[in-house]
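Two independent chains are provided; combine them into the complex using the hints.
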Amino acid sequence: MIPTRRTRTTLAATTALAVVGVLAACSSDDGGGGTGESTGEAAGGTYTWWDPYPQHEGSSDWESRVQQCGEDAGVTIERTAYDTTALTNQALLAAQEGTSPDVILLDNPAVSTLAETGMLTTVDEFGLDTSAIDANLLDAGVLEGDAYGIPIGANTLSLYYNAEILDEAGVDPASITDWDSLTAALAQVDDAGHRGITFAGIGTEEGSFQFLPWFWGAGADLSQLDSPEAVEALELWTGWLDEGYAPNSVINNSQNTVWEEFLTGDFAFAENGTWQVNSAAEAEFETGIVQLPGKDGGVAPAPTGGEFIVVPVQSDTARYDVTRQIVECMTTPEGFVETANTFAYYIPPTAEGQEQLLAESAGDADLEPWVEAVQNAKGRTSDNLGTDYPKISEALWTAVQNALSGAATPTEALETAQADAEAARS
Amino acid sequence: MSSTPTVVGSREEPRGAAGTRPAVPHGRRRRRTLNPSQWTALGFAAPLLTYLVVFYAYPLWRNIDLSLHDYTIRAFVQGDAEFVGLENYAEVFSSSTFTTALVNTALFTIGSIVFQFAIGLALAVFFRSSFRLSNVLRALFLVPWLLPLIVSASTWAWMLNSDNGIVNSVIQAFGGEQINWLTSPDTALLSVTIANIWLGIPFNLVILYSGLQNIPGEVYEASSLDGAGPWRQFWSITFPLLRPVSAITILLGLIYTLKVVDVIWVMTTGGPGDASTTLAIWSYREAFGTGMPSFSPAAAVGNLLIVIALVFGFLHLQLQRRQEAS
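Chains A and B, in that order, are what the protein sequence lines are. Heads up: the first sequence at position 414 corresponds to 1734 in the working numbering, and the numbers run straight through without jumps. Heads up: the second sequence at position 106 corresponds to 150 in the working numbering, and the numbers run straight through without jumps.
Treat the hints with caution; some may be incorrect.
Stated by the list, open to error - Cβ-to-Cβ under 8 Å is the rule here; a few derived chain A residues that face chain B: (1) Ala1430; (2) Val1619; (3) Lys1711; (4) Ser1713; (5) Thr1718; (6) Asn1722.
Rather than coming from a laboratory, the hints here were simulated on the basis of the structure. Glycine included, every Cβ here is placed at the ideal spot set by N, Cα and C.
For reference, chain B alone in the conformation it holds in the complex (with noise of 0.2 Å):
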């Protein structure tokens, strides 16, 4: 969409300039000429602009708008919110609970995409070479993600219950002592992050596995015959040429990862205590997990995380220019 109106204003922009000193009748004709296309074009952009506008743009503003302002719920309702600058980012950078949750929103993120990565990249090599059943096996790696989150996410909660979970009853059978998965400060980011590696690895391993079709098997041929071994051709090969796929995947899963809320919200509602809450949940608990919404640091939250995610989004793109210029 936003080619639109970038290839009309390029297209001019020389002639104009060119066209100044004879510009009259030219700029008439062009004038009569170009308006019903513009306008065409207008209009078949005009559908999608307002689409933006509304529900990416409004919402975005709406956001910032929320976090600059004192909404209490009285202002929320009334609509006459006191403009309060940066204080409600000064409350959140302040409160006892940022440094936790930063960590946590650290740790849980980095843990999450190691491990999703390497796990999903090492299946994804693993299919490459087509046995037996290995498409079957394949789909039915994809299961956690076709699962609603609600039902993995419970299932894992039952699995790592301190008293009656599977995950206990095995350790204990070999005579573990029980671990208190879910409810002790010690485990409880520890078995969310465990979760939600298991739920991102069908992702990892779809774009990996896609990418790596697009890698010659000329290549893998040559290589053998240079009398290169599988580990080697996998670091000299496979890696290297699957670089531009894994950092999309890598920037896609940090994206998601970031904001993950329901996962840990089904798990442990972020606690206890606060053990487990991530930026995202303490966002959503400002919102609406205590009975009095507090919508304004809420929000602050909310743009910390977008502005993070941004971040990674502009390193990817400066990175991803580095490379197509080398």
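Extracted from the complex, chain A is given alone in its bound form (with noise of 0.2 Å):
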């Protein structure tokens, strides 16, 4: 038995040294994408810069923007893009393993999930000033009174419409300013044979963002999902796929799905973002947008979009100055127009940056309606809600989906919904 277990043991050893080696050379790799390439190089250098832009290659005007940003202060930045969900993962796996990029473009409701996590340092650590951001799009990256990072532009959502189906079915888009204008207007467009509306009720944090216009807009709050003014919402949106003045698919529809239904004409309103603004201009039919209207009238809050410009937390304090360098760059109003301009309507977030975009594409009257859309947004995570958010909104978009699928009523679907939320905040 001897030499058996001697084999055993060389065995084992032999494997360990296999692994440490393995171990300790992609480690080492690692080090060099990251972190380590500070030592040495204290002027110039590279500073690494994740994005969720991927439609935007190497030769965009996106790309040459981050340039030269980075030019500016004196360094290369080395930029790359991942898909939304996949650049909140790829951060936290960075962070675990200390290999974090020097700055991040981050979806907004995901800010103050990583803050949470205790990888990125706070706005006044930065020493930044961020006094001129309007306070409903910043509040969506605060975290227990501290913000974690500035909105680089907002898009929200609004109302589109087809201009021709409302002009054959005899609706003015003016008259619609509250819910029940709306409905009707929906009657009329059935009576003259189209489609009424579409929207997005995919069991994903995209169904949830196109709900919540009609939640708030109802006055419902995020932390009572079973009120009756979220009943009343819920309520607005079964009652359309009841009449036929939505179509059932809605249950399954991405954002994509919904401009897609719209931009084949048959649709006499679709619920999208800011981000379609070109397609919409280049549809085979005349658009228009409506604000998406409150209950009882007024503009109803829709959710904000857009990014935050993050700064991960280094074991190398030394490259914060230069990283500074890079986010002022960024969020100066110049900066603000600039991204605006680069990406097609990217509202600023501050006032002066907004009133120099209206300025700067004066005539241009499609802007104005987003401007005043985003001013009247309201960050996901707010509500001092945080990191609670994502449960809720889980909660949320299950009890959508029960109620359009005819598997509960509102009532049932939203009390299910706030139990599970309540079990999943505690």
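This is the structure we're talking about:
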């Protein structure tokens, strides 16, 4: 037996050695790509930058905009683009390995999630002034009183309409000021033989994102999902489905599908975002937007979309100086407007930036309602929900799905949702 | 790979046992002669061992580790997760989603396997008699296998769309009513199962077809001389002789089907509500489907799936052993 045991020991030892060797090779590779490069290159050097815009390639305007900010600070920026969801996961993994990039552009509801892990620096620590940023936009990145990032622009939802269908059905878009007038318009469109409205009720964050303007527009609050106001909002949606004003397929619609449906020209209305403005202008029919109405009139607060610029904690704090210059380059009023122009219709988050954008694009009437919509918008993680928001949102979209599919009444669905949300938050 | 150390070990054991009394010189000589070859054996096995440890053992261990700690995202980054024992499992078992997901997993898996196997076997038998174009046709049946899953799943989702889908327009053309395939809680699971059956047929066809090639033609000749018709031939020859291949096909199919995420996720994201949520979908949603990753419950559900697959694996081994013994 002795030789056998010896064999096993050597075997184990060799394996262990080999594993250590492989792991060591891996980790030294990682170090090279991450923060390790700063050594020996005090001035100059490479700064890493992650953003969720894979559609903008190496030769795009956006890439050169990012590079310009690096050049101004005397460094090279190495930009990596991820898909939005993948970016959050990558950021978490990198933080765990201690290889965070210098700058991340992060979807706003993810900011408080990452801030919660302690991997982000606060804006105060960084000495950046956020007083000019619209409070409703900055709020999405605030956790327990500290801001963890600065919005580089904002977008939100509105109601697009097909002007030709509305003309035919005799609906004046200006008459849509509350839920009743909207539903009346849908009935009129339906009578004229067209489809009424399409929106996204998919079982992901997009579903909650699209439902929130109605939820908030009824006066409901995310901390009480089963309030009578919330039930009213959900009944508005289920009512549209029951009447046939909205197709049954909205239950599985993503926002992209909604837009594709709208572009077919069959639908009078579609709920969609700022990012479709260019596509709407190129549609084969005339389009316009009306603000999403609140239940009893006024503009409903739509959720804010858009990215925050955040700075992960680095072990080498000497890098912060240059990082600050890069962040400042992206967040001056001129910087905001430039970003807004690079991405079509990304509304600047400061009053000054908004004025400048409107002045520059004078005569472009398309933009004004969007600036108004952004001013009325509300962060999903605000109201001090922070990292509770994703759990609440999951419960909310499940309720929307259950009610729309007829698995439960709106009241039942929202009661279950409230119970689930409470269980998840505790 | 695992054979190398066992062979070395088993060769030594009897010698060591037999040679305890005259041992010393023998032992020395043995050490001198065997060591280099042992080292060589080890050297050859080392890359593979490393590979197995790094890519199999470590992830498995890590998954168990995740499920036994409370990995909030903060703990995930800071690496200071609290040990909670089986609390995550308790949470999973007591969740209202658990029963739904378990039942859905069973229905989805059994439904998929039964139909995939039956249709695959029927096609395999059909293609056994070669006729003109049979090779071309057989190749065409492999298309579902070759398409990227995202493509086939999206195509199915379009076809089954409530308002604009081709399936509903055919049904309505014949006077039927619109069926909300993917958006009704009654049919969502059925729809994804149908899509998954279609995806799994080629796999069953290929394996069973190659199994059929191993049944000697003389058996069929002899049976037809005895006056057995095609139906009798199938039940008395094809089916029994194909049993070992069938068993492994079903086992592999079971393991593939248990862990299906992509098809369901693309078609319904497990919805509406939880109507088409299986254990695999639930695990994925917990970890990556919301804005707040909860890795620990996700890992617990994942481990549950591994255990279920293992149980069926052992069941298969047991059956095989009994078969060989008889």
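Evaluated hints:
no. : hint    : in the structure
1   : Ala1430 : holds (6 Å)
2   : Val1619 : violated (26 Å)
3   : Lys1711 : holds (6 Å)
4   : Ser1713 : holds (7 Å)
5   : Thr1718 : holds (5 Å)
6   : Asn1722 : holds (4 Å)
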